[in-house]
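K.L.:
Quick mapping for you: the protein sequence lines, in order, are chains A and B. One gets the working numbering by counting positions in the first sequence from 1 and adding 1383 to each. One gets the working numbering by counting positions in the second sequence from 1 and adding 1383 to each.
Since the hints were derived computationally from the structure, they do not count as laboratory data. Treat the numbers as computed from the prediction; the structure is a model and nothing was measured. Some hints could be false.
The list cannot tell twin chains apart, which means a pair is met if one copy fits it or any two copies do.
[What the hints assert, rightly or not] Taking lysine to any residue and the SDA-like style, the derived pairs with C-alpha atoms no more than 25 Å apart in a straight line are: (1) K1511 <-> V1393; (2) K1531 <-> D1487; (3) K1633 <-> G1507; (4) K1633 <-> D1484; (5) K1400 <-> R1447; (6) K1432 <-> S1749; (7) K1420 <-> D1757; (8) K1401 <-> E1530; (9) K1455 <-> P1682; (10) K1664 <-> G1683; (11) K1420 <-> F1431.
Take a look at the letters that make up each chain.
Protein chains: 2
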Amino acid sequence: MPASPIRKLVPYAEAAKKRGTRVYHLNIGQPDIETPKLLLDAVRHSDFKVLEYSHSAGNESYRRKLTEYYGKAGIDVNHNQIIVTTGGSEAILFGFMACLDPGDEVIIPEPFYANYNGFAVEAGVTVKPITSVIETGFALPPIDEFEKAITPRTKAIVICNPNNPTGYLYSRGEMETLKKIVLQHNLFLFSDEAYREFCYEGEHISAMHLSGVEENVVLMDTISKRYSACGARIGALVTRNQSVLDTVMKFAQARLSPPGLAQIAGEAAMGLPDNYFDTTKAEYRLRRDTLVSRLNAIPGVYCPNPGGAFYAMAKLPLEDADAFCQWLLETFSYKGSTLMLAPASGFYGTEGLGRNEVRLAYVLNSEAIHSAMDCLEKALEAYKMEQAS
Amino acid sequence: MPASPIRKLVPYAEAAKKRGTRVYHLNIGQPDIETPKLLLDAVRHSDFKVLEYSHSAGNESYRRKLTEYYGKAGIDVNHNQIIVTTGGSEAILFGFMACLDPGDEVIIPEPFYANYNGFAVEAGVTVKPITSVIETGFALPPIDEFEKAITPRTKAIVICNPNNPTGYLYSRGEMETLKKIVLQHNLFLFSDEAYREFCYEGEHISAMHLSGVEENVVLMDTISKRYSACGARIGALVTRNQSVLDTVMKFAQARLSPPGLAQIAGEAAMGLPDNYFDTTKAEYRLRRDTLVSRLNAIPGVYCPNPGGAFYAMAKLPLEDADAFCQWLLETFSYKGSTLMLAPASGFYGTEGLGRNEVRLAYVLNSEAIHSAMDCLEKALEAYKMEQAS
């Protein structure tokens, strides 16, 4: 079982803080946006007497309301096609376990969300990465890269759209390409759409929008990022494939039920106004624009403009981003501050890739992003000098 | 992946209710005891703004308070030896996954909690049941039954103490026997102590009380039954084995964090008075006494007196309890009521065992238990007549 690549720097960050250094956390996707009061108040004003198990698939009232949410996103499903999970994490795990046998292979464009590795280990399946590159902004790799990677043991493709860690938003053309591949090779298409609501350039094309792959597509979803409610641990697995639903229900029944208090919050979120995301999206877009322009203004740094989510990948003018990220926390400070970044190497399945790249989560307001970028600029200068000496 | 044996009767119960028949639910361990107001109020009065991820091992403040809880139960652990999980379910799954490799075998005295099967399938391990029998009240099977079942692939023994489904409370002598076996064969001892606080005959001997097996014992725990908070989904894996803790932490990090709102409730529970369980235990003891005496007064029925938990197993004067339980819901009613029982066959790993046994959860007040037993008495008469005709 692999350790979390982001969390290995945590002790260094803690030591920096103990020394009195302020640390700008651009390393982790924990949004600073407030959880809508409507969600928390629903829990605070609840008046039940016994905190009982819910239905293993989640409360029916919540699932019925979720169908309306999905309907507005152009996804036509009924409440029996939704299984509420303990975070998006459990949706991914259940999807892997229900659809794949030990020894099966899944293809994932890299860089990818590092915890897919962990869930693959838990399900006994092998991840076959195919590489997307920073020069194309991490677009979907060409179709022949998929063809080369497919073996008789390949059972699924996993995408995250918009993408964590790259922020890339797949185009309609790319989604159609994926459809073609999964149909041709009879694969599942697992689509992690945790960041669906955060698209800044063009429309979100869900895997659930594709017609003709109803039996292939399994949507993995979560309220964590959407409503800034990461600690709720409420997600959903959504599919029109009845036999997948039947198998997932067995896993769901084994763990009895998803969290009850947090389902109240999730259901309350269905009452948010349709324009709720406008403000949040405007805020994230401002941050993205700030971050991307500041990064590209630093000599030797390159950061493609991400179309969605709240992550950006940047290439740094150095050889070992892991060492640099540790140095930032261990050694560096500017005006009493430093920053924490996620080295990109942990997001690649192929050994040696992404060594000079980092992921930045724009989960701080733009003022803090400016200060963090001031730090980064000075840090890169200082690091270069130190390396040269 | 096996389906839940209890839930297969659910559609029949729903149909009975639609016909207007009252159903006494003795089939599932959902207590009717109110969740202590202190727990729910802590959530209702919380005033944070962002529902963030907690530490993957659970909030440190909660884990520190849990050490005091365990201390009072004679279990000396520090907060780094506790990993907060999403219900006891996840503690079981993490224990299996962290300690066992696919193909390994675990020995479990049967009848046992049916979901162990599900978690074993998820972890790719094989359950080897050894049989405990109703004639001894489901005492631990003799040591040579363990010896016969142990193979080179055996890696662990799983016990549930006090036991679900039998209510059996293991004696100090039996716990010492288990210690001897795990030491001799270098096995893990997984101890599910979800019902620790509900012991009516004698003292609870935790696996964590045994000395000399610090590296072997993994405690799986939950607040679900203890505080009637099944829907919270807060449990814990506790062990003094550092390498198990390290591996479990990787699984914990992959799923990010346990539920946040419910951890507030769990932590608040640490403020309940020491005598909190007295009332609850007195209530359960009354129900148990009612249930057991009523059962044993029915001709042909035998129910050993369970020492703990809130379950009893009974042998019925018939051949196929599965068919009878379905008939109760499909066909029978007395004064407009019927009852739902859990057929015991689903709790046995060995095919064909427990066919004439049922599990009864005494999660209803004693008045309802009396009414349910009236139903059962009449039902057994009617069923006998119907079978004979």
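K.L.:
Now tell me if each hint is right for this structure.
P.N.:
Status of each hint after checking the structure:
no.	hint	in the structure
1	K1511 <-> V1393	neither (28 Å within a copy, 42 Å between copies)
2	K1531 <-> D1487	within (16 Å within a copy, 35 Å between copies)
3	K1633 <-> G1507	both (18 Å within a copy, 15 Å between copies)
4	K1633 <-> D1484	both (15 Å within a copy, 22 Å between copies)
5	K1400 <-> R1447	between (46 Å within a copy, 22 Å between copies)
6	K1432 <-> S1749	between (44 Å within a copy, 20 Å between copies)
7	K1420 <-> D1757	neither (34 Å within a copy, 50 Å between copies)
8	K1401 <-> E1530	neither (51 Å within a copy, 54 Å between copies)
9	K1455 <-> P1682	neither (44 Å within a copy, 61 Å between copies)
10	K1664 <-> G1683	neither (29 Å within a copy, 69 Å between copies)
11	K1420 <-> F1431	both (20 Å within a copy, 10 Å between copies)
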